[in-house]
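There are 2 protein chains.
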Amino acid sequence: MTTLLHGTLELLVLKLLEDEPMNGYAIGVRIQGLTDDALRVEEGSLYPALYRMERRGWLRANWQATENNRRAKYYRLTPTGKKQLHQEQERWGTFSTAVAKILRSS
Amino acid sequence: MTTLLHGTLELLVLKLLEDEPMNGYAIGVRIQGLTDDALRVEEGSLYPALYRMERRGWLRANWQATENNRRAKYYRLTPTGKKQLHQEQERWGTFSTAVAKILRSS
DNA sequence: TCGCTTTACTTAGAGTGTCTAAGGAGAGCT
DNA sequence: AGCTCTCCTTAGACACTCTAAGTAAAGCGA
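Keeping their order, the protein sequence lines are chains A and B. Just add 89 to the spot in the first sequence (first one is 1) and you have our numbering. Just add 89 to the spot in the second sequence (first one is 1) and you have our numbering.
Don't read these hints as lab results, they were simulated from the structure. Incorrect hints may appear among the rest.
A pair counts as met if it fits within one copy or between any two copies, since identical chains are not told apart.
Stated by the list, open to error - Derived lysine-lysine pairs resembling BS3-like cross-links, with alpha carbons at most 25 angstroms apart:
(1) 190 x 171
(2) 162 x 172
(3) 172 x 190
Go ahead and model the full structure; you've got the sequences and the hints to work with.
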C-alpha cells in the first residue's frame with residue numbers, strides 16, 4: 090500500500106510551521122486533527138523528515154519546555170524554509186490540478 | 090527532488106485505460122498532453138508500473154499493431170482493475186482534500 | 001542507399017522517502 | 001508501583017520513481 094504522502098510531508102510540515110514553532114509530536118497530532126484523521130503521519134516518517142529539513146537549512150530547532158512541563162525540540166522556519174514553502178506550495182498546485190485534469194478527462 | 094507522482098501513477102494509468110485500451114508509449118504521451126506538459130512520466134517508471142499492475146491482475150495485455158504499423162503492447166482494464174480505479178480515485182480524493190485543509194489552515 | 005528521427009519496449013541499479021518496529025525517558029495520575 | 005501519555009531516536013525493510021543504457025523496426029529526407 091503505497092502512501093500518497095510521499096513528497097508531500099515536507100510541504101505540510103513547512104506550512105504548519107509557518108504559523109508558529111512546534112515540536113514534532115505536536116505536528117503529528119495537528120496533521121491528524123486538521124484532516125479529521127484522514128492523514129496520520131508515523132513517527133518514523135515525521136522525525137526523519139524534520140532532521141532532513143533542518144539539515145537542508147529549512148528549519149532551525151531548539152529544545153524547550155512544553156506546556157506540560159516536558160522537554161521537546163521546537164522547530165521554526167528559516168527564511169530559506171519560507172521560500173521552500175512557497176515553492177512546494179506551487180509545485181503541489183500544478184501537480185494536483187494536473188491530476189485533476191486527467192481524472193476529469195474521458 | 091522527490092516526485093509527487095509517487096503513488097499516483099497507477100491511478101492515472103487506470104483512469105486513462107478506463108476509456109480505451111492503450112499502449113505504454115501512448116499513455117506517456119497522453120499524460121503529458123492532458124496536463125499541458127505539467128506531468129511527464131519517464132519510461133523507466135511507466136513500464137514497470139504497467140508490469141506491476143498486470144501482475145496484480147488490474148490489467149491485461151496483448152500485442153497488436155498500432156496505426157503506424159508498429160507492434161505495441163495494448164493494455165486494457167480488468168474488472169479488478171476497474172474496482173481498483175474507483176478505490177484509488179476515492180483515496181486520492183480524501184488525500185488531496187486533506188492536504189488542502191492543511192494548506193488552507195491558519 | 002544511408003542516416004536520422006520517431007515509435008515502442010526492456011531492464012539494471014541508484015536514489016529517496018515512508019513505514020514498521022523497537023527502544024528510552026520523564027511527567028502525572030490512581 | 002504501575003500505567004498512560006508525551007516526546008524523541010534510529011535501524012532496517014519496502015516500494016516506487018528515475019537515470020541510463022540498450023534493442024529494434026518504420027519512415028523520411030538527402
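The hints, checked one at a time:
1. 190 x 171: Close across copies (19 angstroms), not inside one copy (29 angstroms); limit 25 angstroms.
2. 162 x 172: within (22 angstroms within a copy, 44 angstroms between copies)
3. 172 x 190: between (27 angstroms within a copy, 21 angstroms between copies)
In this structure, none of the earlier numbered hints is contradicted; all agree with it.
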